[in-house]
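Protein chains: 6
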Amino acid sequence: MKSFLYPKINPPSFTWVRPESGKVDKVHEWIQPITALTDPERSKDTEVVILGVPLSRSSISASGASEFPEAFRRSWKSFATYNLDDDVDLSELTALDAGDVPMHVTNIQKCHQNIIDAAAAVQQHFSNPTVCGIGGDHSITAMMVKGMHLENPDEKIGILQFDTHFDLRDMLDNGPSNGTPMRNLIESGVVEGSNMYNIGMHGFYNTKDLKQYADEKGVNYFTLRAARKKGIEETVQKCLEELSSKVDIIYLTVDMDVLDIAYAPGVPASTPGGMTTEELLEGVLAAGRHPKVKAMDIVCLDPQKDTKVQPTVKLGTHVFLTFLTGVMLRQSASN
Amino acid sequence: MKSFLYPKINPPSFTWVRPESGKVDKVHEWIQPITALTDPERSKDTEVVILGVPLSRSSISASGASEFPEAFRRSWKSFATYNLDDDVDLSELTALDAGDVPMHVTNIQKCHQNIIDAAAAVQQHFSNPTVCGIGGDHSITAMMVKGMHLENPDEKIGILQFDTHFDLRDMLDNGPSNGTPMRNLIESGVVEGSNMYNIGMHGFYNTKDLKQYADEKGVNYFTLRAARKKGIEETVQKCLEELSSKVDIIYLTVDMDVLDIAYAPGVPASTPGGMTTEELLEGVLAAGRHPKVKAMDIVCLDPQKDTKVQPTVKLGTHVFLTFLTGVMLRQSASN
Amino acid sequence: MKSFLYPKINPPSFTWVRPESGKVDKVHEWIQPITALTDPERSKDTEVVILGVPLSRSSISASGASEFPEAFRRSWKSFATYNLDDDVDLSELTALDAGDVPMHVTNIQKCHQNIIDAAAAVQQHFSNPTVCGIGGDHSITAMMVKGMHLENPDEKIGILQFDTHFDLRDMLDNGPSNGTPMRNLIESGVVEGSNMYNIGMHGFYNTKDLKQYADEKGVNYFTLRAARKKGIEETVQKCLEELSSKVDIIYLTVDMDVLDIAYAPGVPASTPGGMTTEELLEGVLAAGRHPKVKAMDIVCLDPQKDTKVQPTVKLGTHVFLTFLTGVMLRQSASN
Amino acid sequence: MKSFLYPKINPPSFTWVRPESGKVDKVHEWIQPITALTDPERSKDTEVVILGVPLSRSSISASGASEFPEAFRRSWKSFATYNLDDDVDLSELTALDAGDVPMHVTNIQKCHQNIIDAAAAVQQHFSNPTVCGIGGDHSITAMMVKGMHLENPDEKIGILQFDTHFDLRDMLDNGPSNGTPMRNLIESGVVEGSNMYNIGMHGFYNTKDLKQYADEKGVNYFTLRAARKKGIEETVQKCLEELSSKVDIIYLTVDMDVLDIAYAPGVPASTPGGMTTEELLEGVLAAGRHPKVKAMDIVCLDPQKDTKVQPTVKLGTHVFLTFLTGVMLRQSASN
Amino acid sequence: MKSFLYPKINPPSFTWVRPESGKVDKVHEWIQPITALTDPERSKDTEVVILGVPLSRSSISASGASEFPEAFRRSWKSFATYNLDDDVDLSELTALDAGDVPMHVTNIQKCHQNIIDAAAAVQQHFSNPTVCGIGGDHSITAMMVKGMHLENPDEKIGILQFDTHFDLRDMLDNGPSNGTPMRNLIESGVVEGSNMYNIGMHGFYNTKDLKQYADEKGVNYFTLRAARKKGIEETVQKCLEELSSKVDIIYLTVDMDVLDIAYAPGVPASTPGGMTTEELLEGVLAAGRHPKVKAMDIVCLDPQKDTKVQPTVKLGTHVFLTFLTGVMLRQSASN
Amino acid sequence: MKSFLYPKINPPSFTWVRPESGKVDKVHEWIQPITALTDPERSKDTEVVILGVPLSRSSISASGASEFPEAFRRSWKSFATYNLDDDVDLSELTALDAGDVPMHVTNIQKCHQNIIDAAAAVQQHFSNPTVCGIGGDHSITAMMVKGMHLENPDEKIGILQFDTHFDLRDMLDNGPSNGTPMRNLIESGVVEGSNMYNIGMHGFYNTKDLKQYADEKGVNYFTLRAARKKGIEETVQKCLEELSSKVDIIYLTVDMDVLDIAYAPGVPASTPGGMTTEELLEGVLAAGRHPKVKAMDIVCLDPQKDTKVQPTVKLGTHVFLTFLTGVMLRQSASN
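Chains as they are written, first to last, in the numbering used here: chain A, -8 to 326; chain B, -8 to 326; chain C, -8 to 326; chain D, -8 to 326; chain E, -8 to 326; chain F, -8 to 326.
Source of the hints: derived by calculation from the structure; they are not laboratory data.
Do not rely on the hints blindly, as some may be mistaken.
No distinction is drawn between identical chains; accordingly, a pair holds when it is met within one copy or between any pair of copies.
[Claimed, not checked] In the DMTMM-like style, the derived pairs of lysine to aspartate or glutamate whose C-alpha atoms are separated by at most 25 Å in a straight line are:
#, residue 1, residue 2
1, LYS229, ASP76
2, LYS17, ASP206
3, LYS101, ASP161
4, LYS283, GLU61
5, LYS17, ASP164
6, LYS68, ASP164
7, LYS14, ASP161
8, LYS68, ASP80
9, LYS208, ASP80
10, LYS283, ASP108
11, LYS202, GLU146
12, LYS17, GLU207
13, LYS221, ASP78
14, LYS(-1), ASP30
15, LYS199, GLU83
16, LYS202, ASP80
17, LYS(-1), ASP164
18, LYS14, GLU233
19, LYS220, GLU273
Bear in mind the structure is a predicted one, so any value in this text is a computation, not a measurement.
Put together the whole structure using the sequences plus the hints.
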């Protein structure tokens, strides 16, 4: 089976066999693989589009984050579509798994171009999707945003970032790696530094140079300590308010290394003293509720390093579902 | 050596060799195995009775929770009887390890009947015990309560539950598994839905059907978010107050999957965004202090999945000791 | 999608998405899931039929062997259909994944009956299949053979077993567990003790009682030491020769615990001093070549206990492919 | 290469090769190994002196804490010298890695004497150092303090301790093990019980005897529950205030077992219900800011038990850097 | 309960509860703990005496080998007393678990003296025991032999050693560590170098100095390569023949690091290219059959480093049972 | 410190601090880092040159093989220079650690060019070195050979390969990945197919296409089964004999995935049924003894996936030392 987005986007490598009954309780019963659709037209109004971005050879440190899209899909079986906290059922959203961006083994530039093309293709095909990019490492964010920009050149894009790092390293050193996405976007003129908001940095994980570059470019950031003091939800809301006065579209990027390493054994770059799971979920829910947040990604989660019961993979999926809960609450509110 | 409760209850498979001195500092020096007692009569007034319930083949997912009773006993060596927080010494309570319920390899119905029989036998032999059931998976709770009910048919039983799930699945689907104990008790008429209080649910771990069934039956529940807002201790107290106006005996069941998976790598069903250890201990202590709480169990902890230094096994034992601290504080208060 | 063998056999829970090209290089591109077939009739001549048997709650020790059928299917991606050693391409065989036997959570007797029914259904539907049962624990073997017998009551069945144990425990003790399949078959009259040949036992893993029962019933066995002295291949050939003079059909059962524990970290019952991988593969290849070997199973492999790079899961799949290599070599020889 | 402190202190076993540029961004580019210095005189004013103390055969339980000094040095590469939270760059401090105290395999008394000698040698050589002892198990604290006392006999020493235990066990039982350092110091008259402040104890990890001994000797302690109620920072400040009115020098000892075991899988003696990482860092920062805190150690962290991504080793290093951040903030404040 | 060998030997820390039936199938039902015996006199004729020697703080590298005696006893449950390979039932031997040598935390010299005393006490009490020392690290071997010598000063002792190392390091460097036992025995005059036979060395794991010392003292050794060429069994027999012409008693010491590291993940000093399990068992069986082999030990097995399914602990126990099989075969042969 | 080969080759990132005595017993005391040399001229005659090649982002599957050069150097401490099997001391060879090839994060082509340049630089600077390339993944082999060829264009190069795969994949698909090195060399005309000898393939790990390509190009290969039948040493000798009649220089490449996965948990591409450690060491020793073998590499060993006691890293180092043993034996023989 191939998808109508092929060859820009490969269909997912496997699909869950649906139960006869058609009753939807679990996430794997809800999200349709693109290969299951016979009619491309019918798919245009899909509300949520998932795009796997299995690239991590662009990571500074050796990474298996490329395995997350597959692990993510496998994990669906363990999650209900119903969210008890907020009494919403995600299965009321239409959601499509568009598959994975094709990757090349030794040509990283080509991989990056493929991501741009795929992200653009999604914008082109779907009328008003909320796009969820499943990384991969953080280098993909710059490409996802560029692809989005390509199709919507007149819309200003802002970024809300959960991260332990600035990701503003100089691309001259090592090209568009997972340490550079934000700088990449600034330097390419796609996003202005002042339209970037980073929450969660702390400790000894950014050199002084980067901080100075951030200040120069007007990048906004709230350390975890500052965000905790103000309240995570309140901090997110403040960022979104400021952003939404300046941009048309907000892109949410969740670098899982923002988490405390005790909560994220499958994220080698996570650190002691990072966010708790509760805090991250609180932040992501708040972001999902904002009407301008039209895309998000989850990056730097390496399932090969996760411990036996896969706490980090589960958390990655929980982040995704929590974001969509925000989307549903926003839609309900607007109805 | 056999126990006077044999064959309903097997003696523990091993016993700690006591030091000559007789001085009690550690838990393994305090809790007496039932085989060491020559006089059944003398044991009648035992305040705390431990019952191992090594059954987990009734779990929906493959589980080694049947290994917890043995791991629990081995861990005693690492715990003092003295609780510094509350300045009480648990060794002032009399405590007896009654051993394990006999299990059958391929007849789960027989296993369940054996648990009922053993729970009843404990009620029969001891005059006023606080019973601690060490699971095993959650299916055992229905049987423990039924056994208790068998011996005390006139006493109304209520349940306080820490759990990420309702455990109200339909028994027609797969019999009395670890997903059904609460429904089992409702349908058998042993406990009314309105006398069940569940604390700790959150996220995407219960289907909508179950929520609707819960509402129908009047099952009470506080999501983790709600409980945190009110305070864990305050939530527990409120539940106990309500319960104690309606029932004679309160049974506390601690499904360890209520915990955040970062705190419980040995509980595969635990989830991201669950309770912290601190919160669970706070809740269990409050429960132990209530005079109507006459039995408890700890379930769904799989030592085979725990990490090297056994954080989850230790936490299971800590939960048990914290509950008994509540019991002692209650007794001191009532003296 | 459902299968024409449903409800006796559930379709596999997921399917690999096929490449457009239709070119077959890897195992997951070769073996067709039953759900992909629109025409049941066309499937009748399938040469190889895979049947998942995800049952391990019947294990004496807590086991996750029920997870092997899914892990087995996932592993296909890492294996070519071409066997360089023997210069054969397995893709010349037609192979069908019939899916999994439906299981019940708390009624093990029902699970066992379902296996019998499914095994019979396979015999009924396919004209002359080589059946590969993917366990699950060893209790399934008795059921697989019974199902086969049900459809072919006039054909005498013999068994070739690789195992560290007799599996002749008394069913009165704990029912039809993973310790009893051979006794089960003897006592039910389906297979005579003298038509059972066991290779690989050693050391301290069988009680004397069992040896005496084996001798009484005429069960044949070669300790690993004896088999090594004679040669593994030669031992297998000798067993098959003897068997084939006495029976119509030979069933091969591979209890992965026959392996040395260094080679099988995912088989908790494997032991120090067991078979090497090389020896087992040599034995299985020889078995596959024999024309009367019409069915086989692989049991007691617990993927949850396997180490990070999954050596045991890979070995399980390798055993399966090696057996089929034998089948192909036999067919080529007979052409 | 040997160091001018040799043979009292061995040089570190390996050194990072410095980049040509001389630019300092990361911790391994900042801290100079003592072997890199050709002029001992020039080193006298070093502000921070690191002393590895690789001894853990004195632990009650088998421990690999002796491996922490090497793991600690290896981890430097992952940490920037710049602290974003407080906008300070640690590289403005001069810091020297003095190497490791020489240890003997079978003579623990000699190991302890070597620590005393090395600690004294540091005091002797450097004019006003902040000393960071990298353990090793907790038995080293008594020796570090004794060595300091030897060179400064007229200065009264007080201790601030983060710990889950009193460490007041009777030395008559098993000599100066990791269970005795505080008693050792009391009994040897080097530190008075009333000048000891312990923060973080809780639960069932100290016998009643020890509590009584602590009370007798006037040892001050705040349980974790009490410290949380008051605020960790406030508790530390209160302890330091009291201490600083009574003593000349304050020695900070961080037993990593004060942490919740979920945060510290590489500390086997850590417990459920202990401190979070955030709390410990808050406490250590406050301690570092106090002008009388002139020495600290980090003990009981066993890298051999840590999980794959080394959360505990990273946390140990983070604690060290956070302490130095306190030192820098204090110096800035005093300028 | 205390033992009549107390205080020289502590009773085992725990005991298995015996089944009512008295029927012996498994090892834990066979070996009696010394505490269960009411009559010291009756015990004098015990054929096999087990002595736990939980010391590993004398190891050069951090080791948890002190935990093996407890892990060894726990593993008994998984082993039958019946050996199918040789058709013997070990339960025909009388076997007693004498418990553990008392250890001191910080005085290693005292630990070593305690081992000497305990080994002597065993010789004193029992009339003609086969002694099995369960280590602990290799330093204990020198002490075990010295204790034996103390009670039998007129009997010449020889040593058969399976090891990857000479264990002839200079005691002046670091005292009687696990690198020195053979040198210790030579220098103390208890065993002559020419009465030592070492099998299994290979590769890059001994410095040239040690080889020269060995040659000087006439220590005999067969590299693994040489032993394989000749045959392991034949090599052992040749060693025993030579030895038995020169000494009265042969002591077998099995350093588990002789194994290939793939077979012994719980022995950190094991190496690539070492013995297979099969080879070691073959060698140990041959040793057990020799009438002059009156004592043995198993050392350097660290259960804390073993992988999940405990292959190394199981192998340690298998070595012990295989040795006793040799003893039984010898006795049968001599009857 | 920088090296005279900089910037083509970075110095090693750390160096072991040498003991004062200058006595060489262990490998880390023997191999000099290039930064320790003040006189480039003096280094020209170095017999053994080590070149780290930390590249694995060119791997088809996510790999951390880039971490092996550092892990390799760290492991030196555990190895003596003396080889007991062959009674040779490697420290009689002069050996230099030239450091690591500089790598780029996102430009793999540049990484590959850097390897070519570095390999050429080694040939240029040293007069007659035996070069040991420490990978990295298998893509590096093509570059190492190309670099060598660049400096010695008139010398014909042949290859001896231990591998489970042909590594002859089409470069058009995914560029010069770890699946292509042999094809790369054939297509670039640097090595003829008929001058390639591959030992160790087996099972289902090569597609039929690749076998056909190999046959077309005259690539020679011995399956593991064939090599075992003939003898590993004899097979290697036969290959070398044939090769040496055709080429001037032989390059040995050891893809660690040739090993059975039980021996190599840190090589995810290793397979069930592969070589044992003993067999590989036997083969490598034989290769080292041949005078035309002037270079070798070790690839595809991923230390991040290794188990706790690092069996695979140790094995990698053992392979290297065994190769050098061959070199020494050859030199001794030729003197």
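Requested in this report: May I ask which of the numbered hints given earlier this structure violates, with the numbers listed in increasing order?
Outcome: 4, 11 and 18
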